[in-house]
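Visitor: For the protein sequence lines, the chains are A and B, in the order given. Numbering-wise (full-length UniProt numbering), the first sequence opens with residue 1 and increments by one. Numbering-wise (full-length UniProt numbering), the second sequence opens with residue 1 and increments by one.
You may find that some hints are simply not true.
As the list claims (entries may be wrong) - Sample of chain A residues facing chain B (criterion: CB under 7 Å; computed from the structure):
{"no.": "1", "residue": "Arg36"}
{"no.": "2", "residue": "Arg56"}
{"no.": "3", "residue": "Val91"}
As the list claims (entries may be wrong) - In silico contact screen, one side only, chain B against chain A (beta carbon under 8 Å); selected entries:
{"no.": "4", "residue": "Leu32"}
{"no.": "5", "residue": "Leu57"}
{"no.": "6", "residue": "Val61"}
{"no.": "7", "residue": "Val135"}
{"no.": "8", "residue": "Glu332"}
To be verified - When the alpha-carbon atoms are kept at most 30 Å apart in a straight line, the in silico DSSO-like pairs for lysine-lysine are as follows:
{"no.": "9", "chain 1": "A", "residue 1": "Lys354", "chain 2": "A", "residue 2": "Lys317"}
{"no.": "10", "chain 1": "B", "residue 1": "Lys95", "chain 2": "B", "residue 2": "Lys143"}
{"no.": "11", "chain 1": "B", "residue 1": "Lys62", "chain 2": "B", "residue 2": "Lys199"}
{"no.": "12", "chain 1": "A", "residue 1": "Lys373", "chain 2": "B", "residue 2": "Lys373"}
{"no.": "13", "chain 1": "B", "residue 1": "Lys134", "chain 2": "B", "residue 2": "Lys317"}
{"no.": "14", "chain 1": "B", "residue 1": "Lys354", "chain 2": "B", "residue 2": "Lys370"}
{"no.": "15", "chain 1": "B", "residue 1": "Lys317", "chain 2": "B", "residue 2": "Lys354"}
{"no.": "16", "chain 1": "B", "residue 1": "Lys165", "chain 2": "B", "residue 2": "Lys143"}
{"no.": "17", "chain 1": "B", "residue 1": "Lys134", "chain 2": "B", "residue 2": "Lys248"}
{"no.": "18", "chain 1": "A", "residue 1": "Lys315", "chain 2": "B", "residue 2": "Lys315"}
{"no.": "19", "chain 1": "B", "residue 1": "Lys199", "chain 2": "B", "residue 2": "Lys373"}
{"no.": "20", "chain 1": "A", "residue 1": "Lys62", "chain 2": "B", "residue 2": "Lys328"}
{"no.": "21", "chain 1": "A", "residue 1": "Lys315", "chain 2": "A", "residue 2": "Lys354"}
{"no.": "22", "chain 1": "A", "residue 1": "Lys315", "chain 2": "B", "residue 2": "Lys248"}
{"no.": "23", "chain 1": "A", "residue 1": "Lys370", "chain 2": "B", "residue 2": "Lys317"}
{"no.": "24", "chain 1": "A", "residue 1": "Lys315", "chain 2": "B", "residue 2": "Lys165"}
{"no.": "25", "chain 1": "A", "residue 1": "Lys317", "chain 2": "B", "residue 2": "Lys317"}
{"no.": "26", "chain 1": "A", "residue 1": "Lys199", "chain 2": "A", "residue 2": "Lys165"}
{"no.": "27", "chain 1": "A", "residue 1": "Lys256", "chain 2": "A", "residue 2": "Lys134"}
{"no.": "28", "chain 1": "A", "residue 1": "Lys317", "chain 2": "B", "residue 2": "Lys370"}
{"no.": "29", "chain 1": "B", "residue 1": "Lys315", "chain 2": "B", "residue 2": "Lys354"}
{"no.": "30", "chain 1": "B", "residue 1": "Lys143", "chain 2": "A", "residue 2": "Lys317"}
{"no.": "31", "chain 1": "A", "residue 1": "Lys373", "chain 2": "A", "residue 2": "Lys315"}
{"no.": "32", "chain 1": "B", "residue 1": "Lys165", "chain 2": "B", "residue 2": "Lys317"}
{"no.": "33", "chain 1": "A", "residue 1": "Lys315", "chain 2": "B", "residue 2": "Lys328"}
{"no.": "34", "chain 1": "A", "residue 1": "Lys199", "chain 2": "A", "residue 2": "Lys373"}
{"no.": "35", "chain 1": "A", "residue 1": "Lys315", "chain 2": "B", "residue 2": "Lys62"}
{"no.": "36", "chain 1": "A", "residue 1": "Lys373", "chain 2": "B", "residue 2": "Lys315"}
{"no.": "37", "chain 1": "A", "residue 1": "Lys317", "chain 2": "B", "residue 2": "Lys315"}
{"no.": "38", "chain 1": "A", "residue 1": "Lys165", "chain 2": "A", "residue 2": "Lys143"}
{"no.": "39", "chain 1": "A", "residue 1": "Lys370", "chain 2": "B", "residue 2": "Lys315"}
{"no.": "40", "chain 1": "A", "residue 1": "Lys62", "chain 2": "A", "residue 2": "Lys134"}
In short, the hints are calculated from the structure, not lab data. Every residue gets a Cβ at the ideal spot worked out from N, C-alpha and C, and that includes glycine.
Number of protein chains: 2
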Amino acid sequence: MAQRSNRQRCDGGEVMHLAIIGCGQLARMMALAGWRLGATFSFLAEPDENTSGVDRLGTVVKRTPELTGQALFDALGQPSSVTVEREHVDVELLKTLQPFCLVAPNPDAILVSQHRGREKDFMAAHGIATAPYKVATGRANLKDAVLHIGLPVIIKTCEQGYDGKGQWLIRDSQALEETLSDIPDHVECVVEGFVNFSKEVSIISARSSSGECAYYPLTENEHRQGILVSSIAPADVPSESTLQQADKIANTILEKLDYVGILSIEFFVVGDQLVVNEIAPRVHNSGHWTQSAGIASQFENHIRAISGLPLGETKPKTQAAMLNLLGKEVDETLLNQGNLEIHLYNKSLRPGRKVGHVNLWHIDRAPLVKQLKELHQQVYGDD
Amino acid sequence: MAQRSNRQRCDGGEVMHLAIIGCGQLARMMALAGWRLGATFSFLAEPDENTSGVDRLGTVVKRTPELTGQALFDALGQPSSVTVEREHVDVELLKTLQPFCLVAPNPDAILVSQHRGREKDFMAAHGIATAPYKVATGRANLKDAVLHIGLPVIIKTCEQGYDGKGQWLIRDSQALEETLSDIPDHVECVVEGFVNFSKEVSIISARSSSGECAYYPLTENEHRQGILVSSIAPADVPSESTLQQADKIANTILEKLDYVGILSIEFFVVGDQLVVNEIAPRVHNSGHWTQSAGIASQFENHIRAISGLPLGETKPKTQAAMLNLLGKEVDETLLNQGNLEIHLYNKSLRPGRKVGHVNLWHIDRAPLVKQLKELHQQVYGDD
Chain A
1 MAQRSNRQRC DGGEVMHLAI IGCGQLARMM ALAGWRLGAT FSFLAEPDEN TSGVDRLGTV
61 VKRTPELTGQ ALFDALGQPS SVTVEREHVD VELLKTLQPF CLVAPNPDAI LVSQHRGREK
121 DFMAAHGIAT APYKVATGRA NLKDAVLHIG LPVIIKTCEQ GYDGKGQWLI RDSQALEETL
181 SDIPDHVECV VEGFVNFSKE VSIISARSSS GECAYYPLTE NEHRQGILVS SIAPADVPSE
241 STLQQADKIA NTILEKLDYV GILSIEFFVV GDQLVVNEIA PRVHNSGHWT QSAGIASQFE
301 NHIRAISGLP LGETKPKTQA AMLNLLGKEV DETLLNQGNL EIHLYNKSLR PGRKVGHVNL
361 WHIDRAPLVK QLKELHQQVY GDD
Chain B
1 MAQRSNRQRC DGGEVMHLAI IGCGQLARMM ALAGWRLGAT FSFLAEPDEN TSGVDRLGTV
61 VKRTPELTGQ ALFDALGQPS SVTVEREHVD VELLKTLQPF CLVAPNPDAI LVSQHRGREK
121 DFMAAHGIAT APYKVATGRA NLKDAVLHIG LPVIIKTCEQ GYDGKGQWLI RDSQALEETL
181 SDIPDHVECV VEGFVNFSKE VSIISARSSS GECAYYPLTE NEHRQGILVS SIAPADVPSE
241 STLQQADKIA NTILEKLDYV GILSIEFFVV GDQLVVNEIA PRVHNSGHWT QSAGIASQFE
301 NHIRAISGLP LGETKPKTQA AMLNLLGKEV DETLLNQGNL EIHLYNKSLR PGRKVGHVNL
361 WHIDRAPLVK QLKELHQQVY GDD
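Same shape as in the complex, but just chain A (with noise of 0.2 Å):
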């Protein structure tokens, strides 16, 4: 079936024109970082989704049940590439668009990201280490994998949860059956072992639709209850081989996949090896700082991927480093510093939401974790 040119440049009146699907801060950023490349875009939403991260930034199209294939092909300005700004999407809407232009990431790549076990077993499937799992449905089979598991667990729906929900710890037997009892009976779940690790990290890594690839140093990770508070990179870990393990297997991922766009990998540190906790087709939190480090921006990089450009500068000259803003205002004070920049996503302020971030960045590191903890300090106090 005829392929729509994914490749359009500003020449004559052509415009690259991008669909995503979303329209939260994500689909916001890349949007923004497409603008100076010329693209325009539109953005699809589900009916009750909250638009005003994107509204006035292109085409907001509403999603109805007669916009699949050509007519959501055509209702969405006939873009060029379609891309996403989240896992959970509707793959089989997707599949429709196939004919008329290229989607990516390809639609079998986000399937594979939208179960937790089904992410494992690629994983197991290549070789690639994770935490120890095991999926089951109802407390019964829970109890089970728990115990063959063995404490201490976290229990995880396999689909639909995110920056902390749908999860539920477990220490130790005395809060098993409470927990287990708190679970949907019928829900699929992945039970994962605790994986006893040093720092969690994440790689952001690219491949264009030429195949060619490039990744970001390793980002360092803080999170509060789940949800992503700050990162650092490069991140500081004991060992080089390290570094090349992170690389390696984003690359095979990237390959096993045929994958198009922005691949996100968070890791857990164990020693100095890596662990897999999951990946995101998509654009990520942790790899925000890589739009005030002096290179193409994974926003930047994801656009030129999915438009089959030469993909940019991955390797940042500075450290660099993001503060999200979780339900917090901005201080105009912040705006005082002349090492950082504000990125916020036009959504109102509700405890704990992401409204938006703080990049910041230095040459040395010791100056800018100071820094960071200061701002920390001064955005969050001693929450």
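Fit chain B to the given chain A structure using the hints.
Guide: Leaving out everything else, chain B in the frame of chain A:
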């Protein structure tokens, strides 16, 4: 008359909404900078104005005779501030908005810059050096003025000229009669004596609605046929006192005009002295490098200034440069260079048309100069 507060933050749903008169690339880039700070935008377009640069980046409002005052304020979405991307705007129309929101820069400041004679009179009144000049209309008066100033001269229309249009260079008396016959007989002109300059430089300066001022380093500019081709900063000038003069002149103009926003001043360098060429009440082509120097760009600082936010860092930590893309499409190999950033305007390609620019940076000047030269060769060949 009640003034709406121009300080709005992303706080509980309140969003900073700004309006820009104009839909060109300067409006586009101000909006892209402002989006990151959580602002939204509307744009006022002349009836026949090309809006491709900003379509879907905000609400585009087509100007009609009924849209003045309250009607215009409402059509623009009740912005907290209204600003401009060009000096050639309807100042009377801007004044009708002043009861409803901040108009920055103020209409009187814009008026000064709209007329070359008025602009030079303003400089003279405040002890700021310009080229020797005389305003005249009609060939007889122009001839008198030319003889009074002394050849060689440049004759420019007092209003509406830009990028080298509406200018006539007269080197010697043989060219005088012939060139004078080219100049429309009824149009007010200014006759400027040649300035024997070593370089052309410019300064991008900022003054916030709070009165806070900030200055970017001097930029060195190369023109061809009156159009900016490339810039490099900080400018290489023979004396520290030259840099201080620039800040002092900028400060004088900012204060005397009670100016809010970015003010751009172009100078001739004569020995270690600065002679003002012209000013622009807006962001400027020679300041695009500020987007890629790890500081708050001129676009961001303009948004901050008109919103009463603290001004951002203006002192870059690297050398930076910019090459205009004049009627040239982007060669994708340009995307491969690590210290280079492309900005496209979504304008269709026409000979000599500003369709985008490329920013580049380096810690040292010599390699940057070399790279800029090679880039110029790559884009323009031996043109």
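Visitor: Confirm or reject each hint.
Guide: Okay, the hints, checked on the actual structure:
For Arg36(A), the interface hint holds, since its Cβ comes within 7 Å of a Cβ in chain B; the closest pair sits about 5 Å apart. Using the Cβ-Cβ criterion of 7 Å, the hint placing Arg56(A) at the interface with chain B is satisfied: the shortest such distance is roughly 5 Å. Interface hint status for Val91(A): violated, as the beta-carbon distance to the closest one in chain B is roughly 27 Å, over 7 Å. A hinted interface residue such as Leu32(B) counts as satisfied when its beta carbon comes closer than 8 Å to some beta carbon of chain A; here the least separation is about 6 Å, so the hint holds.
Hint status for Leu57(B) relative to chain A: holds, with the closest Cβ pair at about 6 Å, below 8 Å. Interface restraint check for Val61(B): the shortest CB-CB distance to chain A comes to about 12 Å, outside 8 Å, so the restraint is violated. Given the 8 Å rule on beta carbons, the hint for Val135(B) is violated: about 41 Å separates it from the nearest Cβ of chain A. At a threshold of 8 Å, the smallest CB-CB gap from Glu332(B) to chain A is about 6 Å, leaving the interface hint in force.
For the hint pairing Lys354(A) with Lys317(A), the CA-to-CA distance comes to about 28 Å; that is within 30 Å, so the pair holds. Only pairs whose Cα atoms come within 30 Å are accepted, and Lys95(B) paired with Lys143(B) is rejected, the gap being roughly 38 Å. Restraint check: the Cα-Cα separation between Lys62(B) and Lys199(B) comes to about 41 Å, which exceeds 30 Å; the hinted pair is violated. Distance hint between Lys373(A) and Lys373(B) is unfulfilled; the C-alpha atoms sit about 43 Å from each other, more than 30 Å.
Between the alpha carbons of Lys134(B) and Lys317(B) the distance comes to roughly 42 Å, so the proposed pair goes past 30 Å and is violated. Of the supplied pair hints, the one linking Lys354(B) and Lys370(B) holds, its CA atoms being roughly 23 Å apart against a limit of 30 Å. Straight-line distance between C-alpha atoms of Lys317(B) and Lys354(B) comes to about 28 Å, which keeps the hinted pair within the 30 Å bound. For the hint pairing Lys165(B) with Lys143(B), the CA-to-CA distance comes to about 20 Å; that is within 30 Å, so the pair holds.
The hinted pair formed by Lys134(B) and Lys248(B) meets the criterion: a straight-line CA distance of about 25 Å does not exceed 30 Å. Restraint check for Lys315(A) and Lys315(B): the C-alpha separation of about 24 Å stays at or below 30 Å, so the hint holds. Proposed proximity of Lys199(B) and Lys373(B) is supported: the alpha carbons are some 17 Å apart, at most 30 Å. Distance restraint check for Lys62(A) and Lys328(B): the Cα-Cα separation of roughly 37 Å exceeds the 30 Å cut-off, and the hinted pair is therefore not satisfied.
Simply put, Lys315(A) and Lys354(A) have alpha-carbon atoms about 27 Å apart, close enough for the 30 Å limit, and the pair holds. Of the pairs offered as hints, the one joining Lys315(A) and Lys248(B) is violated, with about 40 Å between alpha carbons and a cut-off of 30 Å exceeded. Under the criterion of a C-alpha separation no larger than 30 Å, the hint pairing Lys370(A) with Lys317(B) is consistent with the structure, at around 20 Å. For the hint linking Lys315(A) to Lys165(B), the alpha-carbon distance of about 44 Å lies beyond 30 Å, and the restraint is violated.
Annotation: proposed proximity of Lys317(A) to Lys317(B) holds, straight-line Cα distance about 12 Å (limit 30 Å). The hinted pair formed by Lys199(A) and Lys165(A) meets the criterion: a straight-line CA distance of about 21 Å does not exceed 30 Å. Of the supplied pair hints, the one linking Lys256(A) and Lys134(A) holds, its CA atoms being roughly 23 Å apart against a limit of 30 Å. This hinted pair checks out: Lys317(A) and Lys370(B) have alpha carbons roughly 20 Å apart, not beyond 30 Å.
The straight-line distance between the Cα atoms of Lys315(B) and Lys354(B) is roughly 27 Å, inside the 30 Å bound, and the hint therefore holds. Using a Cα cut-off of 30 Å, the hinted pair Lys143(B) and Lys317(A) is violated, with the two alpha carbons roughly 58 Å apart. Note on Lys373(A) and Lys315(A): the hinted pairing holds, with a Cα-Cα distance of about 24 Å set against a maximum of 30 Å. At roughly 36 Å between alpha-carbon atoms, Lys165(B) and Lys317(B) are farther apart than 30 Å, so this suggested pair is violated.
Simply put, Lys315(A) and Lys328(B) have alpha-carbon atoms about 29 Å apart, close enough for the 30 Å limit, and the pair holds. Distance hint between Lys199(A) and Lys373(A) is fulfilled; the C-alpha atoms sit about 17 Å from each other, no more than 30 Å. Proposed proximity of Lys315(A) and Lys62(B) is contradicted: the alpha carbons are some 44 Å apart, above 30 Å. For the hint pairing Lys373(A) with Lys315(B), the CA-to-CA distance comes to about 25 Å; that is within 30 Å, so the pair holds.
For the proposed pair Lys317(A) and Lys315(B), the alpha carbon gap of about 18 Å is at most 30 Å, so the pair holds. As the CA atoms of Lys165(A) and Lys143(A) are separated by approximately 20 Å, the hinted pair is consistent with the 30 Å bound. With a C-alpha separation of about 22 Å, the suggested pair Lys370(A) and Lys315(B) falls inside the 30 Å cut-off, and the hint holds. Simply put, Lys62(A) and Lys134(A) have alpha-carbon atoms about 38 Å apart, too far for the 30 Å limit, and the pair is violated.
Hints 3, 6, 7, 10, 11, 12, 13, 20, 22, 24, 30, 32, 35, 40 from the earlier list are contradicted by this structure; the remaining hints agree with it.
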